[in-house]
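In case you want the letters, here they are:
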Amino acid sequence: MSEYIEHDKNGLSVGVVEKKTFHFAEPPGEMRLESGASLGPVTIAYETYGTLDPDRNNAVLVLHALTGDSHAAGYYSEEDPKPGWWDIMVGPEKGVDTNKYFVICSNILGGCMGSTGPSSINPKTGRPYGLDFPLVTMGDMVNAQKALIDHLGIKRLLCVTGGSIGGMQVLEWCLRFPEMVISAVPLASTMRHSALAIAFNEVARQAIMADPNWNNGDYYSGLKPDMGLAVARMIGHITYLSDESMRHKFGRHLQGKKEFSFNFDADFQVESYLRYQGTKFVERFDANSFLYITKASDYYDLAIQHDSGSAVKALSTAQARFLVASFTSDWLYPTYQSKAMVQAMKKNGLDVSFCEIEAEWGHDAFLLPNDRLNGLVKGFLQRMYREIRKKGDVS
Amino acid sequence: MRFDLQIIASWIEPESKVLDLGCGGGDLLYFLRENKGVDGRGIEQVESKVVQCIERGLSVLQGDINEEVVDYPDGTFDYVILSQTLQQVYEPADLIQSFLKIGRKGIVSFPNFSHWRIRLQLFATGYAPVSEQLPYDWHNTPNIRLITLKDFRKFSRDVGFHILKEAAINTDSKNKEGAIVTFLPNLRATYGIFLIGRNL
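Chains A and B supply the protein sequences, listed in that same order.
In case it helps, the numbering used here puts the first sequence at residues 1 to 395.
In case it helps, the numbering used here puts the second sequence at residues 1 to 200.
Just to be clear, a hint being listed does not mean it is correct.
Dumping the calculated BS3-like pairs for lysine-lysine here, alpha-carbon to alpha-carbon at most 27 angstroms [as the list claims (entries may be wrong)]:
id: 1; chain 1: A; residue 1: K378; chain 2: B; residue 2: K49
id: 2; chain 1: A; residue 1: K378; chain 2: B; residue 2: K17
id: 3; chain 1: A; residue 1: K347; chain 2: A; residue 2: K391
id: 4; chain 1: A; residue 1: K280; chain 2: A; residue 2: K257
id: 5; chain 1: A; residue 1: K391; chain 2: A; residue 2: K155
id: 6; chain 1: A; residue 1: K313; chain 2: B; residue 2: K49
Just so you know, the hints here were simulated from the structure itself, not pulled from any lab data.
The task is simple: from the sequences and hints, build the whole structure.
As C-alpha cells, then:
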C-alpha cells in the first residue's frame, strides 16, 4: 500500500488507500434505532491501514468527529495533495503505528461521506431521504460500527480511539460492547455536552434552517443551503479555536490591505479565514448531515443513557483500560469534563491514565501536530499490545 | 534509581498493586513492573513527567495528589507510596488517612531535618539551613514541612497509624547510592523511610 511515500516529521505515510463500503440491514432485517425507528439497507464507508495479525488482536478502531470521514490517513491517489484527517497520528511509526496495528476508520451513520445519511437515496421513494431520515444517536452510530467490525471478523479491538464526538463513540463502545474493547482513548471529549456546546450547535443549525434554500431539508434537486452551512461551519470553527490561538494566528491583521474598506467586505484576516473555511466546507459536506450529527451529539449523555444519571454507575460495566487526554485551551470540551470522566473511571477501579496537554489550539488541538499527544498514544498502545501478548489474552 | 526508591522497592511484595503519589518520571513504577510484576498506577502533577510515564507504558494520571487520592475505592492497592513529597503536603494527616483507606499499607520517605549538618548550619550560621536534600532558600522552597525521624514517629501516634518498618538512610549527593544508618539515625540519616499501616 505504500507506493506513495510522503515524508513528514512524524514518519511515513500509509500511502495510497482505498475507500471501501460495507452493506447490511437489508429489509426485512433493518437496523433498529434507539428512537424506535428502523433503517435499512445501510451502507458504511470505511478504510483500513496496516495488516491484521493472524490472531486478530491488533485492530485499532478510529472514530471521527463531526465533520470527519473514513479517510483518516494516506492519500487517494499519487496526485492527491491532501492526506487523511489524522495522518499525523496514523501511519508507519506514528502514534497509531500501522506497521504494528490494523487500523479501521469508518464514516458515521448519518454522515455524508459514503455512509448512509440524509443525503442517501430512500429506497421507498427513490429520492434522497432529507428529513425523512430518522434521527440517529451516538449509540446507533456505534451499533453500525459494530456490524462492520463483525463483518471484518474481529472479535476484540486492541483500542478504540477518537476525539471530540469521536470520543463519545469511544465511551459508547466501552459500555455497549465492554468485552470487545481492550483499551480506549477518548481525546478532547466529554460524557455530555454542556449548555454552551448545545447553544453553539443550535445557532449553527438555525443558520442552516434559516437559509431559504434549505427548504425543510428537501434541496437535493436544486440550490443547496450553502450560505447557511457556511455560517454553521464558521461558528463551529470559532469554538474549535481559542482566544490565544486566534490572537496568534490572526490578531487584528487586515487581509491584503492596509486600511479599512469602510464596507462589509472581509477586512480582517479572521473574517477572510472564516469565509474561506465556510466556502470550502460546503463543497464537501451535506447540510442535513450537519443537523443530524450535531443533534445526536447534543442528545448524548452517557450517565442518562446507561444509568439514571450516575456516570460512576454507568461506567461500572466498562472493562477497557483508558487513556484520557484534554487540552488546556479547549473551551468547548474543557478539561473539567475529561476529569469528570476520569473520576468516574477511578471510582470503578478502572485502569485510567490522564494528561491535560498544554496546547494553545483549542478544541482542534487533537488534530494538530503534537509530539506529546503522539507520544502518549504510542506509549499507551505499545503497553496494551504487550500486555495482551504477555497474558496470552487472545480471542 | 534513587537509593530511597531502591529500599522502597525491596519492601514491596511481587505481583502486588501499587499507587505511587508524585511518581515523577516513573522510575519506581517502571522498576517494580519490570522486576516484580507489580500492577502500578501513578499520580503526577507535571505534564511533561506524566507524558514521560505514559510513553514508558505506565498507567499514570495528571493531577494533585491530595485531590486524586480520594476517588479510588477503599482497599484498591496493596501499597500507596509517597516518596520525598510529605514535606510538601499541606494537610499531611488527611493525606495519610486517605491513602491508608485506599491502600492496605503506605510507604513514606522524606528528608530528615535533624541531620547533624542541618543542626550545625542553624547553630553555627544562624541562617535557615540549606542542604543537598532540601536545596532551597526559605522564600522559594516548596518544602513547607520540616520533618525529623522522631517527629514522624510522634506523628504516627498523634494521627493514629502504625509504623510497621522503618529505615534511616544516608545517601550520596545524587541520591543514587547510600547506606542504611543504624547508629544514631536521627542525627546521621539524610532520609527516613517508613512502612505504615492502619491501627488495628
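27 angstroms limit on alpha-carbon distance, applied to hinted pair K378 (chain A) and K49 (chain B): OK: K378 (chain A) and K49 (chain B) at ~16 angstroms, within 27 angstroms.
27 angstroms Cα cutoff - pair K378 (chain A), K17 (chain B): holds, 24 angstroms
Pair hint outcome, K391 (chain A) versus K155 (chain A) [Cα-Cα no greater than 27 angstroms]: holds, 17 angstroms
Distance restraint between K313 (chain A) and K49 (chain B), which requires alpha-carbon spacing of 27 angstroms or less: violated, 31 angstroms
With the threshold set at 27 angstroms, check whether the alpha-carbon distance from K280 (chain A) to K257 (chain A) stays at or below it. Distance of about 23 angstroms is within 27 angstroms: holds.
Given the proposed pairing of K347 (chain A) with K391 (chain A), does the C-alpha separation stay at or below 27 angstroms? holds, 25 angstroms
Checked against the numbered hints above, the structure breaks only hint 6 and satisfies the rest.
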